[in-house]
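Got chain B sorted already, so can you dock chain A onto it with the hints?
Chain by chain, the residues run as shown.
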Amino acid sequence: MRLLIADAERCIGCQMCMFACARRQNEGGLAEACMGIRSIGGMERGFTVIVCRACDDPACAKVCPTDALKLRNGGGVRLNTAACIGCGNCQDACLIGAVFWDEEINKPMICIHCGYCTKFCPHGVLKTEEKELT
Amino acid sequence: MLANDTLANVLYIDLSNKHYWVRHRADLFERYLGGAGVASQLLDEECPAGADPLGAENPIVFAVGPLTGLFPLASKTVAMFKSPHTGNLGESHCGGRSAVAIRMAGYGAIVVKGKSDIPVYLAIHGDKVHFRDASSIWGIENSFTVGRIIRESEIGAGLRTIMRIGGAGEKLVSYACVITETYRHFGRLGLGAVFGGKRLKAVVVSGKRSLPVSDSKTYRKTYAEIYDAAVGSPVMKKYHDLGTAENVLPLNMLGGLPARNLTEARFEGASEISGEKFAEQYLGRRLACSHCPVACIHIAAVREHYVDEPYFYKTHMISYDYEPIYALGSMLGISNARGFLSLMEQVEIFGLDAMSAGVVLAWATEAQERGIVSEKETMGLKFNWGDYDTFIRAVKLIVRQPNDFYSALARGVKYASSVYGGTEFALSLAGNEMPGYHTGPAAHIGVLVGARHSHLDNAGYSVDQKNLSKQDVSFEEIAADLLTEERWRQVLSSLVVCFFARGLYKPDVVLKALELTGFSLTREKLNRIGEEIHKQKYEFKVRHGFSLDEIYLPERILETSTPFGQLNESYIKSAVGHFKQLLDSSLY
Chain B
1 MRLLIADAER
11 CIGCQMCMFA
21 CARRQNEGGL
31 AEACMGIRSI
41 GGMERGFTVI
51 VCRACDDPAC
61 AKVCPTDALK
71 LRNGGGVRLN
81 TAACIGCGNC
91 QDACLIGAVF
101 WDEEINKPMI
111 CIHCGYCTKF
121 CPHGVLKTEE
131 KELT
Chain A
1 MLANDTLANV
11 LYIDLSNKHY
21 WVRHRADLFE
31 RYLGGAGVAS
41 QLLDEECPAG
51 ADPLGAENPI
61 VFAVGPLTGL
71 FPLASKTVAM
81 FKSPHTGNLG
91 ESHCGGRSAV
101 AIRMAGYGAI
111 VVKGKSDIPV
121 YLAIHGDKVH
131 FRDASSIWGI
141 ENSFTVGRII
151 RESEIGAGLR
161 TIMRIGGAGE
171 KLVSYACVIT
181 ETYRHFGRLG
191 LGAVFGGKRL
201 KAVVVSGKRS
211 LPVSDSKTYR
221 KTYAEIYDAA
231 VGSPVMKKYH
241 DLGTAENVLP
251 LNMLGGLPAR
261 NLTEARFEGA
271 SEISGEKFAE
281 QYLGRRLACS
291 HCPVACIHIA
301 AVREHYVDEP
311 YFYKTHMISY
321 DYEPIYALGS
331 MLGISNARGF
341 LSLMEQVEIF
351 GLDAMSAGVV
361 LAWATEAQER
371 GIVSEKETMG
381 LKFNWGDYDT
391 FIRAVKLIVR
401 QPNDFYSALA
411 RGVKYASSVY
421 GGTEFALSLA
431 GNEMPGYHTG
441 PAAHIGVLVG
451 ARHSHLDNAG
461 YSVDQKNLSK
471 QDVSFEEIAA
481 DLLTEERWRQ
491 VLSSLVVCFF
501 ARGLYKPDVV
511 LKALELTGFS
521 LTREKLNRIG
531 EEIHKQKYEF
541 KVRHGFSLDE
551 IYLPERILET
561 STPFGQLNES
571 YIKSAVGHFK
581 QLLDSSLY
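These protein sequence lines are chains B and A, in that order.
First residue of the first sequence: 1, per our numbering; consecutive thereafter.
First residue of the second sequence: 1, per our numbering; consecutive thereafter.
Looking at chain B on its own, in the form it has when it is part of the complex (with noise of 0.2 Å):
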């Protein structure tokens, strides 16, 4: 499974799904949300929905200098936090800008494709879909 953008400009700018990524690891507030919702220069112009799209050959992975990042199935990466020794070359090659930062442990967040923030998304802003495994 991975998570969609369906479409950006439904979005209300509510941050809901902001603070449901946080929620799903128990937390409240956002430190902890793989996920970013800003306006495009102003309110009135809309937001973008700033995410993981869960590449085929994610950039992240292959700057890692330790492999902490390793493939997901159905793309994406799963970080290997005992490995991640925090340099953030992956935040750098992350074009998006999908990929986040623990300023507590100082080591990446990145969506992990759970779903659970479209459940919070009440304009169809956000899906998911079963990605065929290649």
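The hints are simulated quantities; they were obtained by calculation from the structure and are not laboratory data.
Some hints here could point you the wrong way.
Straight-line distance between alpha carbons at most 25 Å, and here's what the computed DSS-like set of lysine-lysine pairs gives [claimed, not checked]: (1) K119/B x K466/A; (2) K580/A x K466/A; (3) K119/B x K580/A; (4) K127/B x K382/A; (5) K128/A x K18/A; (6) K470/A x K541/A; (7) K237/A x K217/A; (8) K119/B x K237/A; (9) K107/B x K128/A; (10) K113/A x K541/A; (11) K70/B x K107/B; (12) K535/A x K470/A; (13) K237/A x K127/B; (14) K62/B x K107/B; (15) K119/B x K221/A; (16) K238/A x K119/B; (17) K237/A x K506/A.
Keep in mind the model is a prediction, meaning the values are calculated, not measured.
Just chain A, lined up with the frame of chain B:
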């Protein structure tokens, strides 16, 4: 409160000496929850009686609550200050990203004191506070532009609020507002002028943190219940679909929609400026505040052709709501939706409170009609009902104040009518321009007795609605209903729950959510907190010169028929007297 929660951190900022510090004020948050409860205490601590609202001694307090960042719709920031408009308690609530940003930056409240020698703006990023030289943006009258510039020069996109003033705040118009996220406002009572007086152009706040809960499993469950109610409940539907503009037609049908300076309570052009009309022809986007799934913010898209060049257009994005439609629409006899939107945009650009601005223009129009003021005062402008172009030009003059007349208008209708006459049709209640409800006695009594003289203090219009089907409602009953509602709203605004969600956040839900944030309270205790906060706000007002014994009701309110017929002055005064009695005899 939970031990590891940052809620009790109060950030103090001194603009005079450009320094800041944090104090842990668990004493206040434990007792008053947050929001209005905590802000009123901080205001009382910092604001001496006799303080000049535009001077260094007037503090600005922002406060959020324990549910902010944890539960949906706890999305408001309460601002408190001494109002330059009424010279008394200033309290204004605003959504946007403000509440979540303050909580995520690690604070429950922010107190801005003193006055800067140079124009500054504040950038509060987590535990760092920067005093930025705002000389290069001081004098920019357009609040949209100010937002656009700061957006580019500060970090925290998506996680920040940018509160700013336009020309009206800088020029100390007593009903200047503070704008956040382009379309939300600390609208009433002149916080914008308090910013201007401090030479404070903007306040940016950002942050990102985790917040503790007492039991994460119950938290997720309770959260889901509130969320489901927020997106599924019929009580939220109206805000979601047409937005507050939905009120235009029902209020007009009822005969409670003020038109042409309340010479009428029905407007023949109502359908042209109704929520339905805007949705059909102009609605271009809907927006939400942070952590609210409702999207009540309705934005009209208006395409404009540049007359000097063919095939050259721009698109204006202008927000609309019921209150501005009343004040800048029906109150001015404007039935042209596009004309209303242009006027609305002008008011937004300069950063004026839309409600006061509309009532001021309505008074000026009638004053000129009656010959109290001439074109000499108006500098050649001829106000006519419905003539939005002239009103747009007048807004600019009110902000720039090129003569005594426009300076007077910049202080509201109470002041302007004290200079030029026409108090009987100057629609101000306790110094604040009236809201858009001529629904019966309770609407006006509610605004007179309400701590901030706002329709949202105690929702008198809704008491009127409830009483419509009844015969002979006593003034005692109305006073008691208003007091009960205003006390409960102190609880909601201390939790900073949006009043639109008052139907979701019933006492049992509030108690459940509070329990998860470490507040173990009972329903009785909750009511007592509301009662106590309300009483203390009222006492602040009395200390600063307010008295419920000295109310003035413009005759116009009594002349124009309501759905209950013409209102009776002695009935209204008795209700106010009874409200005072109830308040004086309350324990807290």
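We went through each hint and held it up to the structure:
1. K119/B x K466/A: 37 Å, violated
2. K580/A x K466/A: 23 Å, holds
3. K119/B x K580/A: With Cα atoms ~49 Å apart, K119/B and K580/A exceed 25 Å; violated.
4. K127/B x K382/A: Violated, at roughly 56 Å.
5. K128/A x K18/A: 13 Å, holds
6. K470/A x K541/A: At roughly 34 Å apart (the allowed maximum being 25 Å), K541/A and K470/A break the hint.
7. K237/A x K217/A: The given pair, whose Cα atoms are some 29 Å apart, is violated under the 25 Å limit.
8. K119/B x K237/A: 19 Å, holds
9. K107/B x K128/A: 23 Å, holds
10. K113/A x K541/A: 20 Å, holds
11. K70/B x K107/B: 15 Å, holds
12. K535/A x K470/A: 30 Å, violated
13. K237/A x K127/B: At roughly 23 Å apart (the allowed maximum being 25 Å), K127/B and K237/A satisfy the hint.
14. K62/B x K107/B: Roughly 16 Å separates the two Cα atoms, so the pair holds.
15. K119/B x K221/A: With Cα atoms ~13 Å apart, K119/B and K221/A stay inside 25 Å; holds.
16. K238/A x K119/B: 22 Å, holds
17. K237/A x K506/A: Roughly 17 Å separates the two Cα atoms, so the pair holds.
Taken one by one, the earlier hints fail for this structure at numbers 1, 3, 4, 6, 7, 12, listed in ascending order.
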